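6 protein chains.
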Amino acid sequence: MKIWICPGSFDPVTMGHIDIIKRARKMCDHLIIAIGVNDEKKATFTFDERKEFVEKCTKDMDNVEVDTFEGLLINYASKKKATAIVKGLRAISDFEYELQMALLNKKLDEKIETVFLMTSINYSHLSSSAIKSIAKYDGEIKGLVPDVIHDDIYLKLKKGK
Amino acid sequence: MKIWICPGSFDPVTMGHIDIIKRARKMCDHLIIAIGVNDEKKATFTFDERKEFVEKCTKDMDNVEVDTFEGLLINYASKKKATAIVKGLRAISDFEYELQMALLNKKLDEKIETVFLMTSINYSHLSSSAIKSIAKYDGEIKGLVPDVIHDDIYLKLKKGK
Amino acid sequence: MKIWICPGSFDPVTMGHIDIIKRARKMCDHLIIAIGVNDEKKATFTFDERKEFVEKCTKDMDNVEVDTFEGLLINYASKKKATAIVKGLRAISDFEYELQMALLNKKLDEKIETVFLMTSINYSHLSSSAIKSIAKYDGEIKGLVPDVIHDDIYLKLKKGK
Amino acid sequence: MKIWICPGSFDPVTMGHIDIIKRARKMCDHLIIAIGVNDEKKATFTFDERKEFVEKCTKDMDNVEVDTFEGLLINYASKKKATAIVKGLRAISDFEYELQMALLNKKLDEKIETVFLMTSINYSHLSSSAIKSIAKYDGEIKGLVPDVIHDDIYLKLKKGK
Amino acid sequence: MKIWICPGSFDPVTMGHIDIIKRARKMCDHLIIAIGVNDEKKATFTFDERKEFVEKCTKDMDNVEVDTFEGLLINYASKKKATAIVKGLRAISDFEYELQMALLNKKLDEKIETVFLMTSINYSHLSSSAIKSIAKYDGEIKGLVPDVIHDDIYLKLKKGK
Amino acid sequence: MKIWICPGSFDPVTMGHIDIIKRARKMCDHLIIAIGVNDEKKATFTFDERKEFVEKCTKDMDNVEVDTFEGLLINYASKKKATAIVKGLRAISDFEYELQMALLNKKLDEKIETVFLMTSINYSHLSSSAIKSIAKYDGEIKGLVPDVIHDDIYLKLKKGK
Numbered sequence: 000m001k002i003w004i005c006p007g008s009f010d011p012v013t014m015g016h017i018d019i020i021k022r023a024r025k026m027c028d029h030l031i032i033a034i035g036v037n038d039e040k041k042a043t044f045t046f047d048e049r050k051e052f053v054e055k056c057t058k059d060m061d062n063v064e065v066d067t068f069e070g071l072l073i074n075y076a077s078k079k080k081a082t083a084i085v086k087g088l089r090a091i092s093d094f095e096y097e098l099q100m101a102l103l104n105k106k107l108d109e110k111i112e113t114v115f116l117m118t119s120i121n122y123s124h125l126s127s128s129a130i131k132s133i134a135k136y137d138g139e140i141k142g143l144v145p146d147v148i149h150d151d152i153y154l155k156l157k158k159g160k
Numbered sequence: 000m001k002i003w004i005c006p007g008s009f010d011p012v013t014m015g016h017i018d019i020i021k022r023a024r025k026m027c028d029h030l031i032i033a034i035g036v037n038d039e040k041k042a043t044f045t046f047d048e049r050k051e052f053v054e055k056c057t058k059d060m061d062n063v064e065v066d067t068f069e070g071l072l073i074n075y076a077s078k079k080k081a082t083a084i085v086k087g088l089r090a091i092s093d094f095e096y097e098l099q100m101a102l103l104n105k106k107l108d109e110k111i112e113t114v115f116l117m118t119s120i121n122y123s124h125l126s127s128s129a130i131k132s133i134a135k136y137d138g139e140i141k142g143l144v145p146d147v148i149h150d151d152i153y154l155k156l157k158k159g160k
Numbered sequence: 000m001k002i003w004i005c006p007g008s009f010d011p012v013t014m015g016h017i018d019i020i021k022r023a024r025k026m027c028d029h030l031i032i033a034i035g036v037n038d039e040k041k042a043t044f045t046f047d048e049r050k051e052f053v054e055k056c057t058k059d060m061d062n063v064e065v066d067t068f069e070g071l072l073i074n075y076a077s078k079k080k081a082t083a084i085v086k087g088l089r090a091i092s093d094f095e096y097e098l099q100m101a102l103l104n105k106k107l108d109e110k111i112e113t114v115f116l117m118t119s120i121n122y123s124h125l126s127s128s129a130i131k132s133i134a135k136y137d138g139e140i141k142g143l144v145p146d147v148i149h150d151d152i153y154l155k156l157k158k159g160k
Numbered sequence: 000m001k002i003w004i005c006p007g008s009f010d011p012v013t014m015g016h017i018d019i020i021k022r023a024r025k026m027c028d029h030l031i032i033a034i035g036v037n038d039e040k041k042a043t044f045t046f047d048e049r050k051e052f053v054e055k056c057t058k059d060m061d062n063v064e065v066d067t068f069e070g071l072l073i074n075y076a077s078k079k080k081a082t083a084i085v086k087g088l089r090a091i092s093d094f095e096y097e098l099q100m101a102l103l104n105k106k107l108d109e110k111i112e113t114v115f116l117m118t119s120i121n122y123s124h125l126s127s128s129a130i131k132s133i134a135k136y137d138g139e140i141k142g143l144v145p146d147v148i149h150d151d152i153y154l155k156l157k158k159g160k
Numbered sequence: 000m001k002i003w004i005c006p007g008s009f010d011p012v013t014m015g016h017i018d019i020i021k022r023a024r025k026m027c028d029h030l031i032i033a034i035g036v037n038d039e040k041k042a043t044f045t046f047d048e049r050k051e052f053v054e055k056c057t058k059d060m061d062n063v064e065v066d067t068f069e070g071l072l073i074n075y076a077s078k079k080k081a082t083a084i085v086k087g088l089r090a091i092s093d094f095e096y097e098l099q100m101a102l103l104n105k106k107l108d109e110k111i112e113t114v115f116l117m118t119s120i121n122y123s124h125l126s127s128s129a130i131k132s133i134a135k136y137d138g139e140i141k142g143l144v145p146d147v148i149h150d151d152i153y154l155k156l157k158k159g160k
Numbered sequence: 000m001k002i003w004i005c006p007g008s009f010d011p012v013t014m015g016h017i018d019i020i021k022r023a024r025k026m027c028d029h030l031i032i033a034i035g036v037n038d039e040k041k042a043t044f045t046f047d048e049r050k051e052f053v054e055k056c057t058k059d060m061d062n063v064e065v066d067t068f069e070g071l072l073i074n075y076a077s078k079k080k081a082t083a084i085v086k087g088l089r090a091i092s093d094f095e096y097e098l099q100m101a102l103l104n105k106k107l108d109e110k111i112e113t114v115f116l117m118t119s120i121n122y123s124h125l126s127s128s129a130i131k132s133i134a135k136y137d138g139e140i141k142g143l144v145p146d147v148i149h150d151d152i153y154l155k156l157k158k159g160k
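Protein chains in written order, with numbering that gives the first Met the number 0: chain X, 0 to 160; chain C, 0 to 160; chain V, 0 to 160; chain G, 0 to 160; chain Z, 0 to 160; chain W, 0 to 160.
Derived from the structure by calculation, the hints contain no laboratory data.
Model, not experiment: these values are computed from the prediction.
Treat the hints with caution; some may be incorrect.
Where chains are identical, the list cannot tell them apart; a pair therefore holds if satisfied intra-copy or between any two copies.
[As the list claims (entries may be wrong)] Here are the simulated EDC-like pairs of lysine to aspartate or glutamate, each with C-alpha atoms no more than 20 Å apart in a straight line:
1) K141 to D61
2) K55 to D150
3) K78 to D66
4) K110 to D28
5) K131 to E97
6) K157 to D146
7) K25 to E109
8) K1 to E69
With the rest of the complex left out, here is chain X (with noise of 0.2 Å):
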């Protein structure tokens, strides 16, 4: 069986990483999302709010499961049994990154692949701390959140300061 691991700290969400998600989970036989919470505290929204939006976003895909991790992030694909991690690329300096990240993952458990998918032309200029920014001085996010997380993130962030 194929499980992928698409890991990120999804702070939050965005039509990116919904498009990434939609794509591998067609790739593979089952897709775990992976919030990491090892920098808890440097992230505007808790790990509940954005564990519960990713849930939010997913829940009509069957075989994707919403799952959390603490740790390394090699450790914790090899304990789901997974055959790959799935990440999306956007530019050069997610490039650079990722194929270090790759790189070192390969040599922490060579098992393990590490796959990537461009991100969507449609997404591309998109990051999670873009929409921050945007959603924090009242412009407008739609079309770059799914729907469902658009009214919760103002919501959230309004309450956090």
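On the provided structure of chain X, position chains C, V, G, Z and W as indicated by the hints.
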């Protein structure tokens, strides 16, 4: 009327910034240098110092206005009826980030362009943070910042200590 | 008067080119689309075909002129009293090459600027050579080139065989 | 059934290619190695030689098929009912080109994904053209190409002279 | 006499650093490993720990000296009568930053060169921060850091918690 | 004795090359400028012209030798008992290619290092091909090539027509 906006944190303004400003103001009718105040706390110089520095350096340029803004740049640009945002490009990492911002701003307000000028060869190695590092340890920054603010920078950096 | 020059081989003109042309012509008073004839032999379409394609696509844009040039772009720009050369930027490899050319042209004639616009997200994956590959094997290029030249491209490519 | 296509000119196949092939074939049900014949004239090895080399190197891999194609890769992939195209990524220049191709292919046929694997660290400096340069001047290519075709490469290169 | 300086934060020293040190010391007469103390607070290991680690790893290299510096690297290099600064290059992001620093340092003191060595292929995926992440979660860093400091790193990281 | 090799096609030698040569010769005991003759046919200047140009520009540099080589650079370097190959780095595309060559050469002969110097800021926009384009159309190349070969370049380019 072609109104261009040259945004930045200008912490402090460098010869590289001045080079872009001088060239940009010839390409439009009115150039607004817009100092962002969002991240005031992380800046080395206070907002007033940064504004004073830019004003000193541009006081003889008749179609240049120094202003400040809070919130989203694109909203500020729209309010000012700007036709374009102008940025200097130095390096790959600049390029990636600016590309993402330009595409995002285009999505937020299709009427406003982002135009890029290549930073002149003599200043392509300059950055505000490099200048602060040099000045902090009593290195020489003559030629890296405009002469009129040269002494002020050392003075203000010392005071801040 | 702000005269801008948009140079290229336009072999053939793509939706990406048209996007840059439409945006650039609003930023200046007069836009000259300058088709380079230096490397005629390597081009797929003849010089006349390339010029005809661009003219068809821009005939309703009142401040746009289609011209040709031989020799150094900077000399041509100077003769035309251009204030700036405008180029679309897509990717890192574009960026590197264009940066080098901009710096070199600045050295050859300091009065003429080079300004860059980011190619719109919808056309960032387009290139003239990709279009030719697709058309050559009867792939569909609708949406990749302006409609008015769509059929011509297939026709001319076939004739050339 | 997950059918993946690994396209290339394989002129000749290198240890880097074999590394990607070995890893890719575990991630899908059936892997087609598709040698492009469009630019036959520019290739150093004839099409038959290139195919023979790949077949020799993959004859023990049960879910791997070696095939050839002419025309657009995406059309070939569609005809083969492929679910994905798989490519190895080495460097920035690879990345830029492959990103453009992936986005373009996605536009031409939305159902077919492009997935990327990072070339293993031991082969990231390898390219077919580097190998040909070394072999041409009697340098040693052991470890750079699969052992089973090592001698053939010198032989064929000499014959071609 | 050719005195080279190999600067860094060495937090902690990795096999990648040691590779550069070993190669650099053969290219000069005397190599000074210069640990910067400016950003002490952000470092994971104390300055004494970092120095001790480097000393342990280089104690058998006769023309290597371990030293520390505060302030501008170029001033330190000048005081030490260094003829060159030597740095390892791994990736694009390294390259951009190091290019800027090299040009700036050249401007500050024209007599001192900056030379670059490419990090060996086996260590190109290594960074001090990656090692700390792995060790922190009890992952295995054997082969990533010199054996003589392997246990110390786990020990010190635990103590620091 | 530290013997360094500075390889290239030098078609023709530029101020950028001379800058690297001047700086490299101070870092070693003996510097060999090695002009590659493999791709003679594609060069604009004949091998004799290229060699003559370099010799004219370096005749006052006592530890510099001008030589030619055919075949693999690494074999030539080994035969000359070189300890290092020295290259100038300008841009990302340079970097990628040179990184690949350095790693490959290291694999072919572990004893020979490749060291990189950043091309001086004043010459970072220069290339042999840019110079030829300018000279071909009677543009001015003063300051881009050494004065002693300035007239020769125009002369030889004309003759070749």
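Here's how the hints hold up against the structure:
Taking the shortest alpha-carbon separations for K141 and D61, neither the intra-copy value of 26 Å nor the inter-copy value of 36 Å comes in at or below 20 Å. Taking the shortest Cα distances, K55 and D150 sit within 20 Å of each other inside one copy (13 Å), while across copies they are farther apart (45 Å). For the homomeric pair K78 and D66, the shortest alpha-carbon distance inside one copy (13 Å) is at most 20 Å, but the shortest distance between copies (38 Å) is not. When the C-alpha separation of K110 and D28 is checked against a cutoff of 20 Å, the pair qualifies both within a copy, at 17 Å, and between copies, at 17 Å.
Taking the shortest Cα distances, K131 and E97 sit within 20 Å of each other only across copies (18 Å), while inside one copy they are farther apart (23 Å). Within a single copy, K157 and D146 get their C-alpha atoms as close as 18 Å, which meets the 20 Å cut-off; across copies the closest is 44 Å, which misses it. Taking identical chains as interchangeable, the C-alpha atoms of K25 and E109 lie at most 20 Å apart only when they sit on different chains, with a minimum of 13 Å there against 24 Å within one chain. Proximity of K1 to E69 under the C-alpha cut-off of 20 Å is found in neither arrangement, the shortest distances being 23 Å within a copy and 32 Å between copies.
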